[in-house]
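A.B. asks: Listed below, chain by chain, are the residues.
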Amino acid sequence: MVDATMKSDVAAMRADKRGSLQRTFQRKSTIAFLMTLPLILLIATLVLYPAFYAVHLAMLNKTMERFVGLSNFTFLFKRETFWMVVMQSCIFAITAVFFKAIIGFIVAHLVHNIPDKGQRKWRGMLLVPWVIPPAMSTLAWLWLFDPSYSAFNWILESIGLSGVPWLGDVYWARFCVILVNVWIGAPFFMIMYLAALKSVPDQLYEAAKIDGANWWQTMRFVTIPMMRNIIMITALFSTIVTFANFDIVRVLTRGDPLDQTHVFATWAFRLGIEGGDIPLGASISLFMVPILTVGAIFILRDIVKRGNEA
Amino acid sequence: MSRKRISRRRFIAGSVATAAAIAAPHVSTSHAAGSLSLGMWDHWVPGGNKIFDGIAQDWATKEKVNLTIDYLSTQGNKLLLTIAAEAQARSGHDVMDFSAWEPAQYVRHLEPVGDVMKEVLATNGPITEAMQYIGTFTGDWNVVPSTRGSLILPPCTRIDYLKQHAGIDVQAMFPAGKDPTPDAANWTWDAFLLAAEKCHKAGASFGLPLGATTDSLDWVGALFSAYGAALVDAKGNINVKSDEVGQVLEYAKRLFAFLPPDVASWDNASNNKWLLSGKGALIFNPPSTWVVAKRDAPDIAAKLWTHAMPKGPKGRLAPLLPRYQGLWNFSKNKSAAKSLLVHINKPDNIRKIVAGAAGYDIPPYQKLLDYKVWDEQGPPAGTLSHYPNRGDQKNVMPCSPAPPQIASQLYTNAVMPKMIVRIGRGESIDKTLAWAASEIEGYTRQ
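In the order they appear, the protein sequences are chains A and E. If you want our numbering, it's the 1-based position in the first sequence plus 1. If you want our numbering, it's the 1-based position in the second sequence plus 15.
Everything labelled a hint here was simulated from the structure, so no lab data went into it. Check each hint, because a few of them may be wrong.
Below, simulated DSS-like cross-link-like pairs (lysine-lysine); rule was C-alpha separation at most 30 Å, straight line [to be verified]:
| # | chain 1 | residue 1 | chain 2 | residue 2 |
| --- | --- | --- | --- | --- |
| 1 | E | 250 | A | 79 |
| 2 | E | 318 | E | 294 |
| 3 | A | 199 | A | 122 |
| 4 | A | 79 | E | 446 |
| 5 | E | 256 | A | 79 |
| 6 | E | 318 | E | 178 |
| 7 | E | 65 | E | 93 |
| 8 | E | 353 | E | 329 |
| 9 | E | 65 | E | 353 |
Please read these numbers as outputs of a predicted model, since none were measured by experiment.
Use the sequences and the hints to build the structure in full.
C.D. replies: Right, here's the structure in full:
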């Protein structure tokens, strides 16, 4: 009798266990986790591991034999060139993002006002700079600015003006790298803003019109508030990508003249790979991570907050 | 229980056999079938790789080694990035091709090759001092100097412009197939400055780059060395505020005024394009510019003459841009690699390499500079006769004699060209020297 009871208990426990396992696997969260597992592994391998490895590298000495803590960073803080690169990266990123946003905003409105029939053509053409690999399009720009064969200088000289040292003068060189970045990046803003514009309900514009709102009031109280989240997210992503830019400066100026067009990535490459000081290069490339992270947290929190309010 | 006595002889024989059995999988003599992989610099001269392929594969067939050669371009820093990745991963090719400063940067990962160099030097004779500077800075040879890809950057001059605007006949000073004439003694850095001024005023400026590129560093390094201006001495002491440095900066300030306005951002192609466009009277470059001109602008090519550097207070010094082959210390087939390195550097093979690259490559051995390949190039006939050292010209490694780890930073960060640009744009010499001292102080960090 006791035996029979024990046997039935064990069977019940087994059935219970099977049942709970089954329930676990049937749970939506488990299925979701399993389905995202490949992506999690991919991110862990391709993002988290390199990120932590970069932190590890940044804490080694020049010959990578000794742990030196944060002394690579304290060394950098004492270098005049480092602070120059910080300033240049900020000028580069802030100016470029500002102009990309302005141009993207204006062009998005222009495209939005084109009748649907011809709009696709314009959208496709305007996206071309963003679609071409930046290293290739920057090479074309390099030829346009070339000291011997510059097409721009040829035009200037043919109308009696003197040529411009596009990449040889500090201010012109900075202008050129920002110009190319804006040329490549503005279509991204344009397409994001266009998508946002299309999602604004027509009724809001009709209501504004009935209320007698003029163009500026419609823009201020309808269009911009409705686009705000997209504007913030686009600006945030673009700022991060622009701060991390490498190819434009590398192809166009390599940081010249006098290091005055270097940004974090190009200077990190110069010191880390070309100069054989990988820990210092890693430290330079990690410098912006905490600042951008804090910025990203605030902006994303604001977006989520407004999303919840809505 | 019987105990078996082991004789001393049997013990030694047994030990040797055991050691051999353990080591056998890791030792591949050059005669054993094994595999070897080379990461070689992708030659700019068409056909340069094919010649090397032939030489290396002949050896591989004879030694029954499965040889793989990957040609890695310096375009986009592919070679540099591969070296960095392989050193980090401690895996990859067995033998890598290194440019000037990489042996110093990766010395911890390199197998000493003194035994290879002993054999090479026995057949090829003494090697130039400039090549030894990086190759032996730890005492033993860390890398094997390469003929393939090693070059110097002497002036490549428009014969007509120099004659017309500056009254200098470079062909008369450096005649084809002959040593320099006594007139060449007048070819000094002072004469160079005067010629630069006259050509600039005539609208044909010298194309001397001052960006952070090898072409800039090389001619500026040679100028500094010709004046005896070393920013860091052989012991690593910062020596920025010396009379020689002051003297060379005064000179460079005057020269800067006669250069095109955007030289501070020129890359390695800009000076070539400057000469090919017909605007320039002189650049410092290996014969690649002339080779391209021969193909794309034959009229200009026929007016180009490569010749010796101007002479300074410390001599006539031509900048060397060397290449080396290094053997990773994690290679699995070191003995085969060493055998191949000896084979590549046999005089007959060096002759083939030089001929295959139309004289672009310069052997680092004085004894092997008697090849006719340079005299045979044209038009104009003998245009490369004075590409290798002739007369009193010697080679110099820019930024030497600083310890290579510091020199590589001076070179990579282009400290000397930046000093010239700074003073050229009106900064005081004192301020420029203070900036340079502060920069170099950072490079001495361990």
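A.B. asks: Starting from the hint list further up, note which numbers the structure goes against and sort them upward.
C.D. replies: 8
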